[in-house]
Amino acid sequence: MSPEEIKSTVRTHILAEFLPGEDPAALTDSTPLVSTGILDSIAVLGLVTYLESKFGITLEAHETDAQHLNTLTDIARLVQSKLSAA
Amino acid sequence: MEFELTEAQQALQDAAVRLARDELCDDMIQRDAERRFSREGWKKCAEFGVQGLPIPEEYGGSGADPITTIAVMEGLGYGGKDSGLIFSINAHLWTNSIPILKYGTDEQKRRYLPPLCDGSMIGANGVSEPDAGSDVFSMRTRVEKRRGEYVLNGAKIFVTNAPVADVFAVYGTMDPRLGPMGICAFMIEKGAPGLRLGKPMDKMGLRTSPMSELILEECVVPESARLGREGRGAEVFNCSMAWERACILASCVGVMRRQLEQCIQYARTRKQFNQPIGKFQSVANRIVDMKVRYETARLLIYKVGALMCQNRSADMDAAMAKLYVSDSFVKSSLDAVQIHGGSGYMTEMEVERDLRDSVGSMLYSGTSDIQRNIIARGLRI
Ligand SMILES: Cc1cc2nc3c(=O)[nH]c(=O)nc-3n(C[C@H](O)[C@H](O)[C@H](O)COP(=O)(O)OP(=O)(O)OC[C@H]3O[C@@H](n4cnc5c(N)ncnc54)[C@H](O)[C@@H]3O)c2cc1C
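Protein sequences appear in the order of chains P and C.
Quick note: to get my numbering, add 787 to the position in the first sequence (first position is 1).
Quick note: to get my numbering, add 4 to the position in the second sequence (first position is 1).
Be aware that one or more of the hints could be misleading.
Using 30 Å as the maximum straight-line C-alpha spacing, the simulated DSS-like pairs for lysine-lysine come out as follows [to be verified]: (1) K869(P) to K207(C); (2) K869(P) to K149(C); (3) K295(C) to K307(C); (4) K48(C) to K106(C); (5) K194(C) to K275(C); (6) K207(C) to K275(C); (7) K307(C) to K335(C); (8) K194(C) to K207(C); (9) K335(C) to K841(P); (10) K841(P) to K869(P); (11) K841(P) to K106(C); (12) K194(C) to K48(C).
Since the hints were made in silico from the structure, they are not lab data.
Just chain P, same shape as in the assembly (with noise of 0.2 Å):
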């Protein structure tokens, strides 16, 4: 799966889950997500989940961190390293 790919069903998720109501225009590829509180700590448990069961992959306690998952450029980053580690 591409790095777009991933982004764009990302992006999908958290606009429908996160930011209901928002132009879609509003959140892009840097847009950060958990350092402005976009996502806060239960969001961030719940996208992980998300992510995991989408994707198929495993995420480690220290890989759900702001710095892994600030932006949707960080998560389709992360995703696929998962994916190619497979």
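Once you have looked at the hints, place chain C with the ligand on chain P.
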């Protein structure tokens, strides 16, 4: 849409009412005053199958569906008076047995579930801390990994069943900076080195349900004691809360029905100004409000049960049920005291105890404010 229990569910609920009425009410005023837990009552409930209701047969339960489970709990609340005992069973089921069932390894399930079902083991759940209540994932109990084992240090409060428990679901963090993603869950048995009970905690109500602090000092547990994945204890906790929110107030709905019937009876027979007090509109209206609350509460609880039976998400409905039923239970309990006048305030009448027992429902399993937050989140506000 079907609003009736099946014949089999109704028969089981009737049997639960009889069990509670005939076997669980002994010496209630005294036991409440002495804060005495009934191990005999616990065993009788286990013999009936209460502790094994939602647990599959292969692990010693009966594999009842959520509606059947709710029906039995409602029956126990309606027939009985020992809300503390039923509360203890609820804590045992939803925050100990269910997480083991959903996240336990086969070995953990085989070790714990059969004795938790047959009443020979009692379960408890240690998550709350002095500085981590509603914001539970800010807990400070530390989990360190040393040579393949885990070492826990910290203190838990408000641990229902702790003084009588044999096995504890305990949560700690590997790194507070990770928030929910740093949490680990463990099953720790009574007598484990470094695990001890702290101060017993006395309560306003539910006094026959024992509670204490739980202290962990260099408590070393093997990797096999971990419940769920490392760093994913928040999922285990959320799962137990989802079940608890959905089912813990079913018995309270039963109590609301008992209160209603008792108040109708009292309003018909107690006379003032040469007429039954029920003829005064103020008294009748209070009973009408109790009836509407009871019916609404029941619908909400069973709707959650129906959603769970269909394996559909019930998070928001469970939060709505928890919020509404607890609020209604407190209001109806206060109305019951009011309707009984001065006698209702006296211990002997056994009306005031329900009021004391009811208040905790707005606090445990997430306070009413937290339920509102969950509903608002569900509405994506
Ligand atoms: C009878 C009983 C049994 C219990 N059994 C157990 C048990 O077995 N194991 C266990 O671990 N714990 C148990 N608890 C603890 C229970 O889970 C906590 O009491 C509960 O989560 C609230 O935490 P707190 O008491 O620290 O209150 P706080 O979190 O300090 O809340 C204080 C007030 O602030 C409000 N508040 C806090 N945060 C918010 C927010 N974000 N939005 C709006 N309002 C907010 C609350 O609603 C409340 O009114 C039990 C409690 C009771 C009463």
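Hinted pair K194(C) and K48(C), Cα distance within 30 Å: holds, 23 Å
30 Å Cα cutoff - pair K48(C), K106(C): holds, 26 Å
30 Å Cα cutoff - pair K335(C), K841(P): Judged against 30 Å, a Cα distance of about 45 Å means the pair is violated.
Given pair status - K869(P), K841(P), alpha carbons within 30 Å: holds, 13 Å
Pairwise hint evaluation, K149(C) against K869(P), where the allowed Cα distance is 30 Å at most: holds, 25 Å
Hinted pair K194(C) and K275(C), Cα distance within 30 Å: violated, 55 Å
Pairwise hint evaluation, K275(C) against K207(C), where the allowed Cα distance is 30 Å at most: Cα-Cα ~36 Å, so violated.
Distance restraint between K307(C) and K335(C), which requires alpha-carbon spacing of 30 Å or less: holds, 22 Å
30 Å limit on alpha-carbon distance, applied to hinted pair K869(P) and K207(C): violated, 50 Å
Pair hint outcome, K841(P) versus K106(C) [Cα-Cα no greater than 30 Å]: holds, 20 Å
Pairwise hint evaluation, K307(C) against K295(C), where the allowed Cα distance is 30 Å at most: Holds, at about 18 Å.
Given pair status - K207(C), K194(C), alpha carbons within 30 Å: Between K194(C) and K207(C) the Cα gap is close to 23 Å, so the pair holds against 30 Å.
Of the numbered hints given earlier, the model fails hints 1, 5, 6, 9; all others are met.
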